[in-house]
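S.K.: Starting from the known structure of chain A, arrange chain G on it as the hints suggest.
Residues per chain are reported as follows:
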Amino acid sequence: SAVISQKPSRDICQRGTSLTIQCQVDSQVTMMFWYRQQPGQSLTLIATANQGSEATYESGFVIDKFPISRPNLTFSTLTVSNMSPEDSSIYLCSVSLGNTIYFGEGSWLTVV
Amino acid sequence: GNSVTQMEGPVTLSEEAFLTINCTYTATGYPSLFWYVQYPGEGLQLLLKATKADDKGSNKGFEATYRKETTSFHLEKGSVQVSDSAVYFCALSGLLYNQGGKLIFGQGTELSVKP
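Same order as they appear, the protein sequences are chains A and G.
Just so it is clear: in the first sequence, position 86 is 86 by the working numbering, and no numbers are missing.
Just so it is clear: in the second sequence, position 11 is 11 by the working numbering, and no numbers are missing.
Calculated directly from the structure, the hints in this document are not laboratory data.
Among these hints, one or two may not hold up.
Which stretches of chain A does chain G cover? Using the computed rule of at least three CB atoms under 8 Å from a CB of chain G, they are [to be verified]:
1) 43-57
2) 74-87
3) 101-112
Some, not all, of what chain G presents toward chain A, calculated at C-beta under 7 Å [to be verified]:
4) Pro40
5) Gly43
6) Leu44
7) Thr51
8) Lys52
9) Phe105
10) Gln107
11) Gly108
Only a predicted model underlies this, so the values are computations on that prediction, with no experimental measurement involved.
Quick reminder that beta carbons are idealized off the backbone N, C-alpha and C, glycines included.
If we strip away everything but chain A, and leave its shape as in the complex, we get (with noise of 0.2 Å):
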């Protein structure tokens, strides 16, 4: 199995302002991935975060409004940049480990 930690856990931030969300997980992953849920939606895939190249973005998502760091194969971040209150979602950091896949608690951010 695997343990999946975020930072933050909730957050309430001001619109124009960038944060950074931390996922750290106890075991060695090849990918990992973010998704973005919207309140009283379903999640959608932000990006898949390889060790050692670029991140590769989903439709409708872009690296200048959400940098993905992916230094090592136990950690990566996810910035959301110059937010506005429709950024205001649940950020979820999850990996595939065997056949199964993991989710982090998520990062609660509110924008005013």
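M.R.: Same frame as chain A, but now just chain G:
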């Protein structure tokens, strides 16, 4: 492309009622299928999974069977409790090796169980 469709909520049941939440999918090949649960104010938890046709996933009294012929993975529980009140998400995994950890989610079904 791949997609997941769940029955719309909210679903409201009385305690000890039988639960079915329908989930159908569209995919080429044989994806893995999952049910996740999100309790109020909490993150996402894996409830059960099935990795091949006719597999039955089960956990905490919930069951779902991977039906290739009907491309379905319906979630069932024989007797729900108030503590089962949550949002339930059906999901499938990507089919290619480098998509193996990517999940496509249904829209979620909110379940409310009344005492």
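S.K.: Give a verdict on every hint.
M.R.: Now the hints, each set against the structure:
1. Given a C-beta distance limit of less than 8 Å, the hint that chain G covers the region 43-57 of chain A holds, as 4 residues qualify and 3 suffice.
2. Taking a C-beta to C-beta cut-off of 8 Å, the region 74-87 of chain A contributes 0 residues in contact with chain G, too few for the three needed, and the coverage statement is violated.
3. Coverage of a stretch by a chain is defined here by at least three residues with a beta carbon nearer than 8 Å to that chain's beta carbons; for the region 101-112 of chain A and chain G the count is 6, and the condition holds.
4. Given the 7 Å rule on beta carbons, the hint for Pro40 (chain G) is violated: about 12 Å separates it from the nearest Cβ of chain A.
5. Of the supplied interface hints, the one on Gly43 (chain G) holds, with its beta-carbon coming within about 4 Å of a beta-carbon of chain A, less than 7 Å.
6. For Leu44 (chain G), the suggested interface contact is upheld, since its CB lies about 4 Å from the closest CB of chain A, less than 7 Å.
7. Among the interface hints, the one on Thr51 (chain G) holds; its C-beta lies about 6 Å from the nearest C-beta in chain A, closer than the 7 Å criterion.
8. The beta carbon of Lys52 (chain G) comes no nearer than 10 Å to any beta carbon in chain A, farther than 7 Å, and the hint placing it at the interface is violated.
9. Given the 7 Å rule on beta carbons, the hint for Phe105 (chain G) holds: about 5 Å separates it from the nearest Cβ of chain A.
10. Nearest Cβ of chain A to the Cβ of Gln107 (chain G): about 5 Å, under the 7 Å cut. The hint holds.
11. Given the 7 Å rule on beta carbons, the hint for Gly108 (chain G) holds: about 5 Å separates it from the nearest Cβ of chain A.
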